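Protein chains in written order, with UniProt numbering: chain P, 1 to 393; chain F, 1 to 102.
Warning: the hint list may mix true and false statements.
What the hints assert, rightly or not - The calculated DSSO-like cross-link candidates involving lysine-lysine, where the alpha carbons are at most 27 Å apart (straight line), are:
| hint | chain 1 | residue 1 | chain 2 | residue 2 |
| --- | --- | --- | --- | --- |
| 1 | P | LYS157 | F | LYS4 |
| 2 | P | LYS222 | F | LYS16 |
| 3 | F | LYS34 | P | LYS157 |
| 4 | F | LYS34 | F | LYS7 |
| 5 | P | LYS157 | F | LYS7 |
| 6 | F | LYS4 | P | LYS222 |
| 7 | F | LYS102 | F | LYS34 |
| 8 | F | LYS16 | P | LYS233 |
| 9 | P | LYS234 | F | LYS4 |
| 10 | P | LYS18 | P | LYS244 |
| 11 | P | LYS222 | F | LYS7 |
| 12 | F | LYS102 | P | LYS222 |
| 13 | F | LYS16 | P | LYS234 |
No lab work stands behind these hints, which were simulated from the structure alone. Computed from a prediction, not measured in an experiment: that's the story for all the values here.
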Amino acid sequence: MAIRESLSGNEAIALAMKQINPDVLPAFPITPSTEIPQYFSQYVADGLVDTEFVTVESEHSAMSACIGSQAAGARTFTATSSCGLALMFEMLYVAASSRLPITIACVNRALTGPININADHSDTMGARDSGWIQLYSENNQEAYDNFIQAVRIGEHKDVMLPVMVCQDGFITSHAVENLELLEDEVVKKFTGEYEPEDFLLNVQRPIAVGPYDTANFYMEHKRQQAEAMSNAKKVILEVAEAYKKLTGRNYGFFEEYRMEDAEAALVIINSTAGTAKEAIDKMRMEGKKVGLIKIRVFRPFPFDEIKSALQNVTAIAVMDRCEGFSAAGGPLFVEVRSAMYDSLKRPSMVNYIYGLGGRDVRVEDIETVYNDLFKIIESEAVGQIYRYLSVRE
Amino acid sequence: MRNKQGKLITSEISWKDITPGGMVFESGSARYFKTGDWRTMKPVFKADQCKQCLLCVPTCPDSSIPVTAGKREDFNFEHCKGCGICAKACPFDAIDFIKDQK
Chain P
1 MAIRESLSGN EAIALAMKQI NPDVLPAFPI TPSTEIPQYF SQYVADGLVD TEFVTVESEH
61 SAMSACIGSQ AAGARTFTAT SSCGLALMFE MLYVAASSRL PITIACVNRA LTGPININAD
121 HSDTMGARDS GWIQLYSENN QEAYDNFIQA VRIGEHKDVM LPVMVCQDGF ITSHAVENLE
181 LLEDEVVKKF TGEYEPEDFL LNVQRPIAVG PYDTANFYME HKRQQAEAMS NAKKVILEVA
241 EAYKKLTGRN YGFFEEYRME DAEAALVIIN STAGTAKEAI DKMRMEGKKV GLIKIRVFRP
301 FPFDEIKSAL QNVTAIAVMD RCEGFSAAGG PLFVEVRSAM YDSLKRPSMV NYIYGLGGRD
361 VRVEDIETVY NDLFKIIESE AVGQIYRYLS VRE
Chain F
1 MRNKQGKLIT SEISWKDITP GGMVFESGSA RYFKTGDWRT MKPVFKADQC KQCLLCVPTC
61 PDSSIPVTAG KREDFNFEHC KGCGICAKAC PFDAIDFIKD QK
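With the rest of the complex left out, here is chain P (with noise of 0.2 Å):
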């Protein structure tokens, strides 16, 4: 029986590890996953979970730290932010191309410059490149859903590689929200132990771990290792349905909210997406059509599937809550767009940099998006393409 409770999304996600009870948590504090640690230091100290926690000096000894136990054989999670995933930068590479299953569970929130703690998608977008499965969460309950999720897609051994559970900073992190829980034992049979093939401490095969590699050999573990992220998207898919049969719910590559006749949509990533469809309910009551694509797995992304979902709508805003600085759009717009060249009839797509630095976003804001949308489709030109919500001019 599904146990009901009131969490934020950071004791969502320090509970899911607790029932998991990993072998080893090294993490380092930073606003707003800090809580996730803190609570997960609480069980620790009552005994709540056999797991070794290490208190490192900064986010690149957290995640080298993630690196070692996780190459011993120990199934290894943290928690971050911001700064603190852009100081893990280097190490985030070595995780993944030394596939490595650790399991992050990464709040997000802008990234300083000027210094600011909210929430914006410019860490995780920052790292979409790093080889890290990537998981979105619009609540709470995706939050600790995804994270429980998340430890068998990684470790999967068709796959092998670090997966990244977002969540938006304060919004989902620190807002207490109802959710359905799953029993202690009932996540620990679903989440097992972790069994890797090779592990630094087997004696009985001994191996070594992240070596030097030559032009010879590098392009090949590169080919080897897209063909795991590759392999990610069927694991992703048959862990939901075996997530499905435990709980009812429903999670694949993303989730199509009114999209059966939609004219106008949306695709956004995280909590705005529950915004959006209140936003969608009350316009569809006047009439219009309106759906909305809220992207759940950003790597790998969901190309193909992502074009089929969208080929029918006639215009799209693709809504970006970070900036990518290419002067033409942010990169979610771009891999959409991408994805949408191959549709018979490619929509109008335009793309709204949105949110960023916790920037509110109210139903009101994304009512006059789908308007653009509908002035787009009436008059037939797209006009500006990479545009701003909600910013002062």
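Position chain F against the provided structure of chain P, taking the given hints into account.
Coordinates of chain F only, in the frame set by chain P:
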């Protein structure tokens, strides 16, 4: 060096057979990677001056002074980087240290 299935890893190996992340299943495999071509200086062994005290052998940071039956032989240059520590360690002037001409 071989992968887990025993297939030899050479510059012909496919990405499908290479070990994940470059994982190494064999000890002492650094000998396969020749690093002697970075050298600008090189040691020269003068066998007639050598007293076989073997003080030079443990000072070599790599594996460039082979020893057989308790006696050192001429340098193996496959991994010698020309650091010159052996020449400094020799009390009998049995090792010259000269510019390496290639």
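Hints versus structure:
Among the hinted pairs, LYS157/P with LYS4/F is consistent with the structure: their alpha-carbon atoms are about 15 Å apart, no more than 27 Å. Between LYS222/P and LYS16/F the alpha-carbon distance is near 11 Å, which keeps this suggested pair within the 27 Å criterion. Using a Cα cut-off of 27 Å, the hinted pair LYS34/F and LYS157/P is violated, with the two alpha carbons roughly 34 Å apart. At roughly 21 Å between alpha-carbon atoms, LYS34/F and LYS7/F fall within 27 Å of each other, so this suggested pair holds.
Straight-line distance between C-alpha atoms of LYS157/P and LYS7/F comes to about 20 Å, which keeps the hinted pair within the 27 Å bound. Note on LYS4/F and LYS222/P: the hinted pairing holds, with a Cα-Cα distance of about 19 Å set against a maximum of 27 Å. Pair hint LYS102/F plus LYS34/F holds up; C-alpha atoms about 16 Å apart against a cutoff of 27 Å. For the hint pairing LYS16/F with LYS233/P, the CA-to-CA distance comes to about 19 Å; that is within 27 Å, so the pair holds.
Restraint check: the Cα-Cα separation between LYS234/P and LYS4/F comes to about 25 Å, which is no more than 27 Å; the hinted pair holds. For the proposed pair LYS18/P and LYS244/P, the alpha carbon gap of about 21 Å is at most 27 Å, so the pair holds. Restraint check: the Cα-Cα separation between LYS222/P and LYS7/F comes to about 19 Å, which is no more than 27 Å; the hinted pair holds. The straight-line distance between the Cα atoms of LYS102/F and LYS222/P is roughly 35 Å, outside the 27 Å bound, and the hint therefore fails.
For the suggested pair LYS16/F and LYS234/P, the alpha carbons sit about 19 Å apart, so the restraint of at most 27 Å is met.
Checked against the numbered hints given earlier, this structure breaks hints 3, 12; the rest are met.
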